[in-house]
Each structure stands twice: as C-alpha cells, then as structure tokens.
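Residue-level listing of the chains:
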Amino acid sequence: MRPSSSPEPASALAALTWACSRDLRIALRHRGEVALVLVFFLLVGSMFPLAMAPDPGLLRAIAPGIAWVSALLATLLSLPRLFAADHADGTLEQLLLAPAPLAALLAGKVLAHWLTTAAPLVLLSGLAGLQFDLDPEDIAILALSLLLGTPLLTWLGAISAALTLGARGGSTLLGLLVLPLAVPVLIFGAGSVEAASVGLGAEAHLSLMAAGSILASMVGPATLSLAVRIAFE
Amino acid sequence: MTIAAVRNHPESPDLESTESGLVVDSLSCNAGYRLLFHALSFQLPPGCWLRLTGPNGSGKSTLLRALAGLGRPAEGEVRWNGIVRQPGSADWHSVMLYQGHSAGWKDSFSAHDNLALQQALDSGLQTDRLSVDIDALLERCGLHSRASLSFSRLSAGQRHRLSLARLAAAERSLWLLDEPTTALDAAGQALFGRLLGEHLTQGGCAVIATHLPIACEQTALELDLGARTGTAPDSGH
Amino acid sequence: MAAINWFRFASPASFYPLAGKLTGLFGWVAVLLAIAGLYVGFVIAPTDAQQGESYRIIFIHVPAAWMAMFIYVVIAFWSVFSLALNARLPSMMAQALAPTGALFAFIALWTGAFWGRPTWGTYWVWDARLTSTLVLLFLYLGLIALRSGIDDPRRADRACALLALVGVVNVPIIYFSVRWWNTLHQGATISMSAAPKMAQTMLTAMLLMTFSAWAYAIAAALHRVRTIIIEREALTDWVGRLVNPVQRQQQP
Numbered sequence: 001m002r003p004s005s006s007p008e009p010a011s012a013l014a015a016l017t018w019a020c021s022r023d024l025r026i027a028l029r030h031r032g033e034v035a036l037v038l039v040f041f042l043l044v045g046s047m048f049p050l051a052m053a054p055d056p057g058l059l060r061a062i063a064p065g066i067a068w069v070s071a072l073l074a075t076l077l078s079l080p081r082l083f084a085a086d087h088a089d090g091t092l093e094q095l096l097l098a099p100a101p102l103a104a105l106l107a108g109k110v111l112a113h114w115l116t117t118a119a120p121l122v123l124l125s126g127l128a129g130l131q132f133d134l135d136p137e138d139i140a141i142l143a144l145s146l147l148l149g150t151p152l153l154t155w156l157g158a159i160s161a162a163l164t165l166g167a168r169g170g171s172t173l174l175g176l177l178v179l180p181l182a183v184p185v186l187i188f189g190a191g192s193v194e195a196a197s198v199g200l201g202a203e204a205h206l207s208l209m210a211a212g213s214i215l216a217s218m219v220g221p222a223t224l225s226l227a228v229r230i231a232f233e
Numbered sequence: 001m002t003i004a005a006v007r008n009h010p011e012s013p014d015l016e017s018t019e020s021g022l023v024v025d026s027l028s029c030n031a032g033y034r035l036l037f038h039a040l041s042f043q044l045p046p047g048c049w050l051r052l053t054g055p056n057g058s059g060k061s062t063l064l065r066a067l068a069g070l071g072r073p074a075e076g077e078v079r080w081n082g083i084v085r086q087p088g089s090a091d092w093h094s095v096m097l098y099q100g101h102s103a104g105w106k107d108s109f110s111a112h113d114n115l116a117l118q119q120a121l122d123s124g125l126q127t128d129r130l131s132v133d134i135d136a137l138l139e140r141c142g143l144h145s146r147a148s149l150s151f152s153r154l155s156a157g158q159r160h161r162l163s164l165a166r167l168a169a170a171e172r173s174l175w176l177l178d179e180p181t182t183a184l185d186a187a188g189q190a191l192f193g194r195l196l197g198e199h200l201t202q203g204g205c206a207v208i209a210t211h212l213p214i215a216c217e218q219t220a221l222e223l224d225l226g227a228r229t230g231t232a233p234d235s236g237h
Numbered sequence: 001m002a003a004i005n006w007f008r009f010a011s012p013a014s015f016y017p018l019a020g021k022l023t024g025l026f027g028w029v030a031v032l033l034a035i036a037g038l039y040v041g042f043v044i045a046p047t048d049a050q051q052g053e054s055y056r057i058i059f060i061h062v063p064a065a066w067m068a069m070f071i072y073v074v075i076a077f078w079s080v081f082s083l084a085l086n087a088r089l090p091s092m093m094a095q096a097l098a099p100t101g102a103l104f105a106f107i108a109l110w111t112g113a114f115w116g117r118p119t120w121g122t123y124w125v126w127d128a129r130l131t132s133t134l135v136l137l138f139l140y141l142g143l144i145a146l147r148s149g150i151d152d153p154r155r156a157d158r159a160c161a162l163l164a165l166v167g168v169v170n171v172p173i174i175y176f177s178v179r180w181w182n183t184l185h186q187g188a189t190i191s192m193s194a195a196p197k198m199a200q201t202m203l204t205a206m207l208l209m210t211f212s213a214w215a216y217a218i219a220a221a222l223h224r225v226r227t228i229i230i231e232r233e234a235l236t237d238w239v240g241r242l243v244n245p246v247q248r249q250q251q252p
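Sequences listed follow chains A, B and C, in order.
Note that the working numbering has the first sequence beginning at 1, numbered continuously upward.
Note that the working numbering has the second sequence beginning at 1, numbered continuously upward.
Note that the working numbering has the third sequence beginning at 1, numbered continuously upward.
Quick caveat, the hints were computed from the structure, so don't treat them as lab data.
Small disclaimer: the values here were computed from a predicted structure and weren't measured.
By construction, the Cβ of each residue, glycine as well, lies at the ideal position given by its N, Cα and C atoms.
Hints may contain errors.
[To be verified] Computed beta-carbon distance windows for the label pairs: (1) B:39 to C:148: 31 to 37 Å; (2) C:243 to A:88: 37 to 43 Å; (3) B:152 to A:8: 54 to 60 Å; (4) B:212 to C:85: 54 to 60 Å; (5) C:234 to B:89: 32 to 38 Å; (6) C:21 to B:212: 56 to 62 Å; (7) A:120 to C:114: 22 to 28 Å.
Chain A on its own, in the form it takes in the complex (with noise of 0.2 Å):
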C-alpha cells in the first residue's frame, strides 16, 4: 500500500474550475459548433415572419414570444454537447470516479455550457430584436429576460440530458422532457418584455426568473450527480 501517498480529494471550487476551463478550452477548439447553435436561433427567428405577412405591429407584439421560443430551441440543440461526446470517449466516466466533488465538477461544466451558449444568445437577442423592430428598452428587457431565465433553463436541460445519456430517441427525447418543464420560464420571460410594453413594469417577472435560476443553481448540481450516477448504472 501507499498509505501516504494517496492524494486527499479536490475541492469543490478547484473541481469547478478544472471541470470549466476544461469544457471551455473544448468549446475553443470547436467553435463552430458554438456558432451553429447561434445561427440557428436567428434562423428559427427569421422563419416566422416568413410564415405570416410581416406586419410591423404584429411582428412587435410577437418578438418576445418568438425570441424566447428560438432560444428555447437553440438551447435544446446544444445540450446533447454537454455530455454525449465525454460519454462517447469515456472521459465522463473518469469524472464520476474522480478524487473530486461530481457535483462540482459537473457545475463547473454546466458553467462552461452556459457561457458558450446562453451568453451569446443574450447578445444576439438584440439583433432578433432589431428583426422584429423592438424598441431599445424592450430589446434591453428581452435581454434580461433572458440572462436571468437562461441558467435554469440550462439547469433543466442539463438533468434531463443526463437522464437521457444512451437512451434511444436522442434529441427528441429530450426535447419532449425539456420543453414541458421549460413553459413556466417560457411564460415568465415572454411575458416580462410584454409587460414592460405595455408599461405594467417587468420587476416581478425578471424577479421570479432570477429566483428560480438561483434556486436551480443550488438544487441543480446535487440533482445532476445523481441523474448522472443513474447514466452510469
């Protein structure tokens, strides 16, 4: 035995800042598939005009809805990076039996995903606004709304992307777990710009979803681990 030798476990910050910058260094490498979940909100975004005739004041009253609906769906189609490719070549399973918190490491990439997916997504939610015509304080709503909404949105996706790791039915699968949960911040979100529109103020809203993703953020790690140990048995 090497009684001393064995290294004592890591601690939770260390384990996220390992597991973050890891992910990032990945996101680096592959920046175009960043960048496609991204063209892809705008895409998903330039669709509905192209549906229906482009009334300005149709199209403003609809903006929030559809923004939040794009970034819905941009979030779904990123979430399968988050573990199926460490699932694939094995390197998810190193960090379950990792001397290192699951629950940190496994926060730490979920930061990761949310920096390169999320993040931009609140910036591009600007030009969708410019799309739909969107007055600046609306369009600084909507962005808002969506930083404070984005963490728990990614936190729902996270665990429901866990629970699907090697299930057959993939993306849709998850979507159908996803979007259901996501309607309360889909209601919430939508709904601030809307409110602040109509000048009823989007404090309550905005506050609601900035409770939720910190709550989501407390909750969300120890729930990951779990969902992810479930992948494992």
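Based on the hints, put chains B and C in the right spot on chain A.
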C-alpha cells in the same frame, strides 16, 4: 489457481487478523434481466494481482465496474483494508483507478494536454502535486515525439500508451483495468508489465480483466467467471 | 387486519397474488360507482339555467382532470421510495400508473373540448386548467418515453423516478405560471372553473364519478403491475412455476 487457493498462495504475505487489501464479500451483479454472477467472494492481499478471465458476456467488465463503484451490485460488500467501501465517495476514488474500454481522452487535446489535465484531476487538484514532469512520463511511454500532436492523429496503440502514462503518474493503491494491453504492440506490453511489477512491489493491488498474457514478474491469482454458473434464486426484495 | 405484516408484500413475488385479488375488487367498485355517478349526473341532476344539457360533460371532465393530477403525485410518492430504498416494487407501481394517468389527462382534454364547443363555440380555449392539463399530458408522455428508451430495467426505474420528482416539483409552478399567463391575457370570462353553481345532486354525481375514477385507476394499475412483475421477474423460480407448473416439478 482457483479462488479457494487465494488465501493459501505461497507468495502472498501472511494475512493478519485485520484485513488488508481488497476483500469482496458475496457480490452478485445483474445485467438487465440476467444474473451475471452470484455470491462471488475473494480476497486480494497487497502486492498481489488478480487476472479475470471468462468468455464474452460473463461479467468481467461488470465486476470491474461494480468494484469501481459505477454499477450497483444486487447484493454484497466490497471492503478495502477492512473498511466497507462507499461507492461514489471521493476517498474511494483516491484509492483506486479504473480504466475501462473507452480510454477517457479528449480528441481535441494533444497527448501532453490530455495527460496534464487528467493527472491534475488524479492528484486531487492539489497545487503542490502538479509538479509531475509530464514530458518525462511521455518519454517513458514512448509518446514524446507525438506529445503535441492532436490526439485524433494518434493510433489506437499510441492512445493506449497514454493510459499507461496515466497509470505511472497516478498514485493509487488499487488498479481496476479492463483489457489494458489490447492494441499495444510488444514494446507496449512489456512496458505495461514493468509498470505493473513496480506497482505490485510497492504494495499495490490490481484486478485485471484480460485474455492476453501479461509479462509480469509476480504470478497472478486467477478468477475465471466463465467457470461459475449463476442461477437466479427466488427473488427476495 | 391488525396483525398483517405489510412488509411481506414488499416483494414482487408476494405482491403478485394480492394484486390479482384486489384488481377484481376495485374493478367492480369502479363499475358500480360509475353507474351510480352517471345515473345521478345524467338523469337526476337538473338542467343548468345557462348551459343547458351540455354541462353534464363536466361529470367526466373534472374527475378525469383531478385524477390526472393526483396520479402524478402518487407516481412521485412511489418514486421517492424507489430512489431512497432502491426497491423494485415502488418502481413497478410508478411504471404501472403512468399510462393510466396519461389516459385521464387525455380524457380531460377531450371532454374539455366537447364542453367548450357548445358553450363557447370553440373546441379549444387556452384557459389555465386545460393548458396545465396539456402540459401534464406531455409530462406523462415524457415519463413513458424515457421508460421505453432505456433498456436496463433498473436504470430505467431510477431515471424515471428522478424525472417524476423533477416533474412533480414543477407541476405547481407550471400550473401557477399558466394561471398568471391566462389571467393576464384573457381575463376570467372564458374559464373552465366557471362551472355552474353546484346543486347538491351535481356535487353527489361529481364525487361518485371521482371515486369511480380512483377505483378504476387502482384496478388498472394493479392489473398492469402484474404484467410488469411477470416480465421483470421472468427468470426467477416462482414465475417459472407459475408458467409451467408441471414441467417445473419434473426438473431435478
């Protein structure tokens, strides 16, 4: 050598009253609806290694995964140095190292970066342990010339050599390896044999599933899962 | 009753015969209660002043919607035991209940549509309860799809259990968010909760139908769980004896 003779192996050290090494007690594992093996028990003292053989589907990989803590055994207990192992605990992960069929390397990184990242995690991300010389390790495993190439350019055998480098670097007492020498050439297999010998000399243990001969000085204890038949008893709970 | 050791029934082998006896019992209770409830609801209860005869569909719609919600909570209850105790029978019960819950959600949606048409002239209104029931149906379908997508039965058990728990936490959130969305956009004019003021007979009919639906759900789940038990325990001795009593005796 059969399991019954493990305790009586002439080369194994005298077992003290407190257990040392790996003890597997009445382990049963399922795969889907099938019972793979039932009430498996063996003891692996320090400095010894166990060769796991058996036909495909006999449960070698499942046993290794159950020992590592990836699958849930239907029943049974695994003890290390007398203490019951908690699957999923970071302490257990500090003691053992598992390498399965998938090598566990990212194609996007070079061999050097892959090893550096994994070794950092293996050492528990302690800053004082990060001074391991990656280049020296790569050189020992014959990957020095390919260290900075993208991993996808390496052959299967070269990728497996990186796994050997990881074994050499990680300070673990128990190795759980699933077919570690497949895809390795003769030089690679000899290297593995040397690494295993060093590990055992320092008091480590290893459970290795393999159908290839392993050139190691210490003789292996044998466990043939194909020779065991498992019948499903009336299910209790 | 007091001396029965209930934990004896925690093993699939001993639960199987019990489930068989109870299925028949609950099935008959369901049928009798349904006959009583439908009689009271469709024959005895008075015609509503505003909605005429078409309101009577609520005697099917409301119990179905309640049961759809209730069954999901029961599935979550079994899922807690499934994860905490790592036991098989709670997972099997959860698996057996999901299709029944989905069926009730589906019935609630259809009967809601049939109510909406004569009452408000449209088959579908995006009111809070109907929309929540629709999302609930999708949650059920997700549970069923995840179960069939994972091959390993124990892994499927635990994955579905976790999904059910994540879902049950979200169900009230979904319901309240949909209600908020609904009141913002449509006001309270078109709403399924604007049911006619309940005369005593209407309430009686509603309760009878609800208990009938409850008994049916139990009967259907027990019947389904027997099939699941046989399928999952197919390689054990007791199932072998069940299927081939003569042959088993002849084996050494």
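So, going through the hints one by one against the coordinates:
1. B:39 to C:148: 31 to 37 Å: 33 Å, holds
2. C:243 to A:88: 37 to 43 Å: Given a distance of about 40 Å, which is inside 37 to 43 Å, the answer is holds.
3. B:152 to A:8: 54 to 60 Å: 34 Å, violated
4. B:212 to C:85: 54 to 60 Å: 42 Å, violated
5. C:234 to B:89: 32 to 38 Å: Given about 35 Å between the Cβ atoms, the range holds.
6. C:21 to B:212: 56 to 62 Å: Distance hint for residue 21 of chain C, residue 212 of chain B holds at roughly 57 Å.
7. A:120 to C:114: 22 to 28 Å: 47 Å, violated
The structure fails hints 3, 4, 7 (numbered hints given earlier, in ascending order).
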